[in-house]
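Novice: Residue-level listing of the chains:
2 protein chains.
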Amino acid sequence: MTSYFLGIDGGGTSCRAALADSAGRICGRGKSGASNILTDPDTALKHIAEASRLAFVEAGLEPDLASVCAVLGLAGNNVGDAVNYVKARLPFARADIVSDGVIALQGAIGDEDGAIGIVGTGTVFIARHEGRLHSVAGWGFHVSDLGSGARLGQLALQECLLAYDSIHPMTDLSRAILAEFAGDPENVVDFARLAKPGDFGRYTPKVFEYAEKGDAAAIHILKTGARGIDEALDAVNTLTRSTGRLCLLGGLAPLYPPYLAERHRNRLSQPIADALTGAVALAVQTYGGAKGIRAEARA
Amino acid sequence: MTSYFLGIDGGGTSCRAALADSAGRICGRGKSGASNILTDPDTALKHIAEASRLAFVEAGLEPDLASVCAVLGLAGNNVGDAVNYVKARLPFARADIVSDGVIALQGAIGDEDGAIGIVGTGTVFIARHEGRLHSVAGWGFHVSDLGSGARLGQLALQECLLAYDSIHPMTDLSRAILAEFAGDPENVVDFARLAKPGDFGRYTPKVFEYAEKGDAAAIHILKTGARGIDEALDAVNTLTRSTGRLCLLGGLAPLYPPYLAERHRNRLSQPIADALTGAVALAVQTYGGAKGIRAEARA
Chain A
1 MTSYFLGIDG GGTSCRAALA DSAGRICGRG KSGASNILTD PDTALKHIAE
51 ASRLAFVEAG LEPDLASVCA VLGLAGNNVG DAVNYVKARL PFARADIVSD
101 GVIALQGAIG DEDGAIGIVG TGTVFIARHE GRLHSVAGWG FHVSDLGSGA
151 RLGQLALQEC LLAYDSIHPM TDLSRAILAE FAGDPENVVD FARLAKPGDF
201 GRYTPKVFEY AEKGDAAAIH ILKTGARGID EALDAVNTLT RSTGRLCLLG
251 GLAPLYPPYL AERHRNRLSQ PIADALTGAV ALAVQTYGGA KGIRAEARA
Chain B
1 MTSYFLGIDG GGTSCRAALA DSAGRICGRG KSGASNILTD PDTALKHIAE
51 ASRLAFVEAG LEPDLASVCA VLGLAGNNVG DAVNYVKARL PFARADIVSD
101 GVIALQGAIG DEDGAIGIVG TGTVFIARHE GRLHSVAGWG FHVSDLGSGA
151 RLGQLALQEC LLAYDSIHPM TDLSRAILAE FAGDPENVVD FARLAKPGDF
201 GRYTPKVFEY AEKGDAAAIH ILKTGARGID EALDAVNTLT RSTGRLCLLG
251 GLAPLYPPYL AERHRNRLSQ PIADALTGAV ALAVQTYGGA KGIRAEARA
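Quick note, the sequences are listed as chains A and B, same order. In terms of UniProt numbering, the first sequence opens at residue 1 and continues consecutively. In terms of UniProt numbering, the second sequence opens at residue 1 and continues consecutively.
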C-alpha cells in the first residue's frame, strides 16, 4: 500500500492542496475558497477538506482524508486559540500547522540553508541556518514591515499632503494621488484614518510606476522602502553568514531589486518551487520517515 | 454702559473663558470641563456656558451671556456639522467659532505678522502674512504631523522591534521600552494595533530623556522628527518671507529646539500671551469695532 502526504497552502483568498507519494512526487492538486483560520475557522476547515478531496480526485484516487498526514501552511498560525480550534477538527490522520512563511521558505530554498524575504502588503524575512529557522520583521503595518506595500502606499499619501502644503515640491505622483481624492486633502485624511494595510497598498503600484518615469517623490519613497528591506536583509545575512540561496517572494518581489543595495541584488536568485510544493515536502519530511529537517519557527 | 467680550479656549480636557472690556482688558476668568464639540457637543455647550458664567462672577458682574459677543477657539472646528450644531445653540449675542490654532496664533504673536508651530501629540503650523492666515500640516497622525509626539512614540516602538530583530542595534531606549512590554514583541504589536495618537505619544518623553543621555536610537528618532518640523517651518518661512515672530507652542515646544536646524532655532521667540488671551483679543477685534484683523483660516 502506498502512503500519501498532503500539503496545504491556505490564506485569505484561497486554499490550495497537493497530494504526493512518499517520494514527494505530486500526483494531484486541488483548490477551494478562503481559509482564514482567524476570521472564520469553520469555513477554513470546510475549504481545507474540499481542496484536499479535489487533490485526491485529480490523482485518480478515492478521497480518504483520514488516511493521510498533512502539513498546513496557514496565515494567522501565530494565534494559538485559532490553531488549537482548527487542529482539533482537521480530518487528517496527523497534521501540523505552520506559518505560510515556513512553507514558502521550504518551497523557495528546498532543504538547504538560505533565506527568503516575502515583500507584499506586509514583509517578513525567514532564514534557515544549520537547520534552524529564524524570523525577522513581519510584526505588521503599525510598527514594523518597513518597505512593505502598505508602508509605501502610506508614504505616498503622506507625500501628497506634504506637497499640498508646499513642504515638499509637488510632483506628478503627488498630483496623481491627490487627483484620486478629488484634489481635497480632507478626503486623503478620511481615507487614511480607516485604511487597512491593503488599502494603503493599493497606491504602491503607482509609486513604482512613477519612479520608473523619474518622479523624484516616488524615487525617494522607494529609496526609503528599499533601505528598510536592505536593513532586514543585512540582519538575515548575519543569521545565515550570507550563505545559501536568497529569494524575494510576494507581490513586490519583481519590482524591488533595482532599488536594493547591490550587495543584496547580486545574491538574489529565483525560488526553486512555490509554497504549496514546500508544504508537501514538509509533510513527507515530517511524517514520511524521510531524513529531513523538521520545520521550527517563531509561532 | 460698558460692552464686554468673551474669549473661549475649549478642548478635550477643559474649557477656559475670559471676559474683557472693549479695550481688551481681561476682568474675569472661568474654567470648566471638557468641551469637545465632536464627541459630546451638548456637554461642550454646558461647559462653555459654565466657564463663561464663572468669568462674569470673577469680574464681579451678574452673568449675562446673552449680552456678550464671543470668539471660541475649539478643537474639531473643521467638522462643519458639529460647528453648526454648537453655533446654533450658543447662549451669546453673537459668536464666532475658530480653530484652537487661530486663537493660539493671536495670543502668541498678537496683531503682527508671524507664525506659530504647535508641537504636541499632533503638529500644526499657522502663519499670518499681510493679514492672511495660512495653515500647514496638521492633517493628523496617519499621513501627516511628522515630528509630532504621536509619530515620535510610534518610531520608538518601531525601533524597539527593529532592535529585537537585530536589524538595528539594541540600545538603552529600546531595552527600556521593550521592558515595559514584558520583553515580548507581540505585546508591542497588540498595543500598537489599537493605539490612538495619544497612546503612542506617551512614549515620547522617554525618547527625549534617552536622547539627552546620548542614546543613539533616541537621537536618531529625534533627528527624524526634527527634520519633519524643520521642513514645515521652511514652508512657513516661505509664506511669511521669514518675517515676524516665530513661536513654538505645545507640549514638545520646550524640548525640540536643540534638535532643530540653527536657522529656525535662532528665530524662535517666546509667545506674547496664551491662546485664551488670543481668543479675547479676537472677540474685541471682531465685534468691538476696533481696527483689527478678522481671523480667517482653513476650516
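Treat the hints as calculated values from the structure; they're not laboratory data. Any given hint could turn out to be false.
The list cannot tell twin chains apart, which means a pair is met if one copy fits it or any two copies do.
[Stated by the list, open to error] No farther apart than 35 angstroms at their CA atoms in a straight line, the calculated lysine-lysine pairs in the DSBU-like style are these:
1) 206 x 31
2) 213 x 196
3) 213 x 87
4) 196 x 206
5) 213 x 31
6) 223 x 31
7) 223 x 213
Just so we're clear, the structure is a prediction, and the values are computed from it rather than from any experiment.
Novice: For every hint, state whether the structure bears it out.
Specialist: Here is what the structure says about each hint:
1. 206 x 31: within (31 angstroms within a copy, 51 angstroms between copies)
2. 213 x 196: Cα proximity of residue 213 and residue 196: one copy only (28 angstroms, versus 37 angstroms across).
3. 213 x 87: This pair counts as neither: shortest intra-copy Cα distance 49 angstroms, inter-copy 50 angstroms.
4. 196 x 206: Close inside one copy (18 angstroms) and across copies (29 angstroms); limit 35 angstroms.
5. 213 x 31: neither (39 angstroms within a copy, 57 angstroms between copies)
6. 223 x 31: This pair counts as neither: shortest intra-copy Cα distance 38 angstroms, inter-copy 50 angstroms.
7. 223 x 213: both (15 angstroms within a copy, 31 angstroms between copies)
Checked against the numbered hints above, the structure breaks hints 3, 5, 6 and satisfies the rest.
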